[in-house]
Amino acid sequence: MKQIRINGRDNVAVMLEGELAGHKIALKDISAGENIIKYGYPIGHAVTDIKAGEHVHTHNTATNLSGTEQYSYKPVNAAVKKHGGFKFGGFARKDGSVGIRNEIWIINTVGCVNKTSELLARKASEKYGGGVYNFVHPFGCSQLGDDYKTTQKILKGLVNNPNAAGVLVLGLGCENNNIPAFKSVLGEYDGDRVKFMSAQDYDDEIGEGSRLIEQLENYANTFKRTECDSSELVVGLKCGGSDGFSGLTANPLIGRVSDMLIGSGGSTVLTEVPEMFGAETILMDRCADKETFDKTVGLINGFKNYFISHGQEVYENPSPGNKKGGITTLEDKSLGCVQKSGSAPVADVLETGGSVKKRGLNLLTGPGNDIVAVTNLAAAGCHMILFSTGRGTPVGAPVPTVKISTNSGLYERKPHWIDFNAGGILNGEELDNSLFEYIRRVAGGEETNNEKHGYREISVFKDGVVL
3 MKQIRINGRD NVAVMLEGEL AGHKIALKDI SAGENIIKYG YPIGHAVTDI KAGEHVHTHN
63 TATNLSGTEQ YSYKPVNAAV KKHGGFKFGG FARKDGSVGI RNEIWIINTV GCVNKTSELL
123 ARKASEKYGG GVYNFVHPFG CSQLGDDYKT TQKILKGLVN NPNAAGVLVL GLGCENNNIP
183 AFKSVLGEYD GDRVKFMSAQ DYDDEIGEGS RLIEQLENYA NTFKRTECDS SELVVGLKCG
243 GSDGFSGLTA NPLIGRVSDM LIGSGGSTVL TEVPEMFGAE TILMDRCADK ETFDKTVGLI
303 NGFKNYFISH GQEVYENPSP GNKKGGITTL EDKSLGCVQK SGSAPVADVL ETGGSVKKRG
363 LNLLTGPGND IVAVTNLAAA GCHMILFSTG RGTPVGAPVP TVKISTNSGL YERKPHWIDF
423 NAGGILNGEE LDNSLFEYIR RVAGGEETNN EKHGYREISV FKDGVVL
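Residues are numbered in the numbering used here as their position in the sequence shown, beginning at 1, plus a constant of 2.
Hint data in this document are derived by calculation from the structure and do not stem from the laboratory.
A hint or two may mislead.
To be verified - Here are the simulated distance ranges between beta carbons: (1) Lys-83 x Gly-132: 36 to 46 Å; (2) Asp-194 x Pro-322: 17 to 27 Å; (3) Arg-361 x Arg-415: 34 to 44 Å.
Beta carbons: idealized from backbone N, C-alpha and C, even for Gly.
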């Protein structure tokens, strides 16, 4: 059967067909305790003797990961080639940013107004023919400490995302994150673009909300698509429902296209910190300077301590679906995951709720959970997200979410989920330019499947007590 050895140092190969497609087999006899090598790096060790040709998976392999580690900065000469880039029709905002959509967003300060925001969005979309979206979440009240601050920072990032031409910030009135409290976090804002309403202040909150949305709609209509440069784009990088082909097809493809975007002056953002564990030194060695390296060490060990503080092992990953698809350990998953970062230098490290300030490749604090991760990316200012998947998922962010299948079977079965098929790479297809061109079309207005079918949602990361 067809198989592929990814790196000359590997002692396993990935099966490309049959019942074990995506899974690993041993290329030689491997003794108990010996490292399993894939992508040229250890993905764990054998817990029993493994004969050449035998299936290598969770029944005979264990992780090498444990707790936090000490790291040293060993910089490599990371660089990307300059690329010609492209022009696209975007929306130039008054603050100098560029949006690729011209929508009205309703951002709730608290979960108590979730249904109110839904009613307002539905009523407005019926009146204006679409383009008005609300994003529900359960937080904004009864939160303490860092969780409360995180909720505010995520909502602030969503309010500031340039894909929203206008934003209605909808509150209740008695919540911790009431509108005056949220305004103090939001800081300076454009009163034409951002409107506020506390539902308790009005006898007819639906009528008042509709009036404010009408003002925002009129404001949004003042923007028209104009020629913008690809250097303005900020693109999130995400994977979910990964399989054994993720690190062979879609993730390396995303990495090469990320390099092309950065070579065009643009920016990309890689998140899912737990899915860097075991591959973190690849990113650390590409840090642009010692300060960025130190931030990356803090990113990795900080998230490991988050696991440890809750009595959890740092390697409590991959998911059951990942394992069914052929991923054995967290190192196996991580070495495939970080390929989405391409070969660019790491320009900056962002905290949860932070926004991109430096062009190039950014690392963003946050978990691998799909809905939390795409929310964090949208709040960081990403215009769209490249989302690879081998198992498939309908989840979508507030921004266009480009689903890229790792295998052709998924693309054929779920055409209403998947936007781009990377499976042809296994047959030698070169898809870099095709995906780069597709990104241009999405930036210029072509809808992704999550937009067409209404898959837009958020989830806010929490770590503490709810009262």
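Looking only at beta-carbon atoms, does the pair Lys-83, Gly-132 fall within the given range of 36 to 46 Å?
Holds, at about 40 Å.
Regarding Asp-194 and Pro-322, is the given constraint of 17 to 27 Å on their beta-carbon distance met?
With a Cβ separation near 49 Å, Asp-194 and Pro-322 fall outside 17 to 27 Å, so the hint is violated.
Do the beta carbons of Arg-361 and Arg-415 sit within 34 to 44 Å of each other?
38 Å, holds
Hint compliance for this structure: hint 2 alone is broken.
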